[in-house]
Amino acid sequence: MSNLLEVHKVVKKYGDYVALNEVSLNVPKGSIYGLLGPNGAGKTSLIRIINQITLPDSGEVILDGERLQPKHVQTIGYLPEERGLYSSMKVGEQCLYLAQMKGLSKDEAKKQLDYWFDRLGIQGWWNKKIQELSKGMAQKIQFVVCVLHKPKLLILDEPFSGFDPVNANVIKDEILALKEQGSTIIFSTHRMESVEELCENIALIHKSNKLIEGKVADVKRQFRTNSFEVGILTNNVEGLMYDITQKFTVSPANFKSLNEDLKLNIQIGNASPNELLHVLTQRGQVTHFVEKIPSVNDIFIQTVTS
Amino acid sequence: MSIISLIIKREFIAKVRNKSFVVMTFLSPLLFVAVAGFIGYLSSMKAETKQIGIHDETGLFAGDFVKQNKKDSEFHYLDLSNIDVKFLKDSIVKENLDGLIVIPKEDLENKTEYISNNSPSINFIENTQDIIASKITKLNLEKAQLDTLAIQKAQANINIHLAKSSGEESLKGLNEIKIAIGGAFGYLIMMFIIIYGNMVMRSVIEEKTNRIIEIIISSVKPFQLMIGKIVGTSLAGLLQFTIWAIIGLGLMFAASGFFGVNVGPTAKIPPELMQSAQHELSGTAQMYITELWNLPIAGIIIGFIVYFIGGYFLYSSFYAAIGAAVDNQTDSQQFLLPIIMPLILSVYIGFFTVVNDPHGTVAVIFSMIPLTSPIVMLMRIPFGVPWWQIAISVLLLFATFFLVVWFAAKIYRVGILMYGKKPTWKELYKWLKY
Chain A
5 MSNLLEVHKV VKKYGDYVAL NEVSLNVPKG SIYGLLGPNG AGKTSLIRII
55 NQITLPDSGE VILDGERLQP KHVQTIGYLP EERGLYSSMK VGEQCLYLAQ
105 MKGLSKDEAK KQLDYWFDRL GIQGWWNKKI QELSKGMAQK IQFVVCVLHK
155 PKLLILDEPF SGFDPVNANV IKDEILALKE QGSTIIFSTH RMESVEELCE
205 NIALIHKSNK LIEGKVADVK RQFRTNSFEV GILTNNVEGL MYDITQKFTV
255 SPANFKSLNE DLKLNIQIGN ASPNELLHVL TQRGQVTHFV EKIPSVNDIF
305 IQTVTS
Chain B
647 MSIISLIIKR EFIAKVRNKS FVVMTFLSPL LFVAVAGFIG YLSSMKAETK
697 QIGIHDETGL FAGDFVKQNK KDSEFHYLDL SNIDVKFLKD SIVKENLDGL
747 IVIPKEDLEN KTEYISNNSP SINFIENTQD IIASKITKLN LEKAQLDTLA
797 IQKAQANINI HLAKSSGEES LKGLNEIKIA IGGAFGYLIM MFIIIYGNMV
847 MRSVIEEKTN RIIEIIISSV KPFQLMIGKI VGTSLAGLLQ FTIWAIIGLG
897 LMFAASGFFG VNVGPTAKIP PELMQSAQHE LSGTAQMYIT ELWNLPIAGI
947 IIGFIVYFIG GYFLYSSFYA AIGAAVDNQT DSQQFLLPII MPLILSVYIG
997 FFTVVNDPHG TVAVIFSMIP LTSPIVMLMR IPFGVPWWQI AISVLLLFAT
1047 FFLVVWFAAK IYRVGILMYG KKPTWKELYK WLKY
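Protein sequence lines correspond, in order, to chains A and B. Note that my numbering has the first sequence beginning at 5, numbered continuously upward. Note that my numbering has the second sequence beginning at 647, numbered continuously upward.
Chain A on its own, in the form it takes in the complex (with noise of 0.2 Å):
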């Protein structure tokens, strides 16, 4: 699988302040990719460099195969976080003028229009203006304002904030949606469980720098501990925490189950984890043996603040 985007060495700097130290990425074709990082890790000045907002100070965007130009803006769409749109100007016209503004024509704009007010169930807004709406509602026109013209990127800056649960989820699928069409989604937020359901892939900036990239599952993978939650029915709990201490690292451990089992944390280290399973069924009747794998709000404060 081709990448959509390719960001090369890419340096920024206010000043003094260094905001992107010679940052990379490659953002696979199809994709949803998470762009993580702690408040003023450099997201935002990275989303803005790919926006054309403003210049690198060295280093390139490779966009579909070509060093990011001008007319690229018509192939991104942008949700930014700094959510805004012409208070006094009317819903309908608003969006056609952005829409044209990204370089639809006028009549494919309003067809999409149609189809995206249809969709959303929005059809009543057309000619009411942004102050009449509440927060959520004019977010939802913002939505539809940035993937109106069928961006092949989408980059979408804490898409969540501002939703109730219910229009969150229809969001949610709507992304879901457009990425099956095809789009290649960049997705910046601090919610690490919309992360977890939704990226393949993901990236963490911390401190002007890039810490960590890669697919998900390859990331938890270099981040496993080797640690097993283990629940098991025993009678001598001492001979079995003598077995287990001999050869691995033991500590207490919280989760939930129907018996009235002895919950562990067992770390392996090296060993297979036969080994302790061997260990474990001479001792007692095992309930409950699972691998830990990190999560990334694990990985995500792991990282950081290490």
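Treat the hints as calculated values from the structure; they're not laboratory data. All values reported here derive from a predicted model rather than from experimental measurement. Please note that a few of the clues may not be correct.
[Stated by the list, open to error] Only pairs whose alpha carbons sit at most 25 Å apart, straight line, appear in this in silico BS3-like list of lysine-lysine:
id: 1; chain 1: A; residue 1: K115; chain 2: A; residue 2: K154
id: 2; chain 1: B; residue 1: K854; chain 2: A; residue 2: K94
id: 3; chain 1: B; residue 1: K655; chain 2: A; residue 2: K94
Given the coordinates of chain A, work out where chain B should sit on it, guided by the hints.
This is chain B only, laid out in the frame that chain A set:
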């Protein structure tokens, strides 16, 4: 190009649909007429007649002053030479008299006094001095036993006729007309810039207050946005100006009809008188009219349109640059003064330098400098300006306009990163180097 026209269209419609725009468009002429009417009413009220006492110890001048008394004149002179000065001074305190001229017997050239609690107008003082001085001159002449009549006859009057090298006669007073034409157009440009420049600035700030800036700027270049905003807003301003002109004229005619004042100065003169006057005047009047037609009228009108557009665009681009640098209007104040200064300067240069010497070095230089050229050059055009000077000045004007828009666009792009921070001049300079 289509994107720019799209922006122009949106800006124009957004401005014109705005409620305050609609209200101002139709309210301003009404206000204007009301104020004009009020001023007219005030100035038509007669000033109070002032009682001026004359205490003339020589007995020579009082008569000349009293001779000046007329029914409608502002000052009424009273010969009070027989009454004690002290008593007269008291009556000034009691406000029975508004002023008192005291002419002593000795050294009256230096010791003549005017006593009043209100400071007199310059005109009044000069008039008083004239009356006394001319009387003394006349007496001196008589004393020297000179024939005053002969002297009057001997006084020569010269009337120089103006002519051009081409041989046609030109008329005195025409220069004033030329200045008036150029000046009126120059003033119009200045008014327009002051009224509508702010509108451009507000329009540039709009995207920031609405927080739509990132969406817009990721779709169009700031340069396109700036040009679109300047042109779109100008068109809206032009529309409003045109409506004002039409409504204003209409209201003026309606109001003057209502108050019974006839438009035009000749209305109340009896027909016979007018005919003879016309007969006498027609010679010179016709010359004036032909001379007016000989003015480069096409040049003036084309010049007005070109400099109006160029000048307005240039100043708008400065307003746009300010709008690009600040987040809200209150922050813009400190940057506004440097814009207004050259505007005022050019009007002064126009009225003081161009009048005296339309083709002098100062006038030529300032009609080239883009900031002052729209007004100064317009005032020079009626006097005839070589085409190459106009070409250079127009070229400079539009080149500067594009340069400033480019500059504004640059500030705009960098300004995005400066949310909520007040820019200083130093910072602006730093942004330019990015």
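Evaluation of the provided hints:
The suggested pairing of K115 (chain A) with K154 (chain A) holds, with an alpha-carbon distance near 12 Å, which does not exceed 25 Å. About 18 Å separates the Cα atoms of K854 (chain B) and K94 (chain A), which keeps this hinted pair within 25 Å; it holds. For the hint linking K655 (chain B) to K94 (chain A), the alpha-carbon distance of about 15 Å falls within 25 Å, and the restraint holds.
Of the hints listed earlier, there is not a single one the structure fails to meet.
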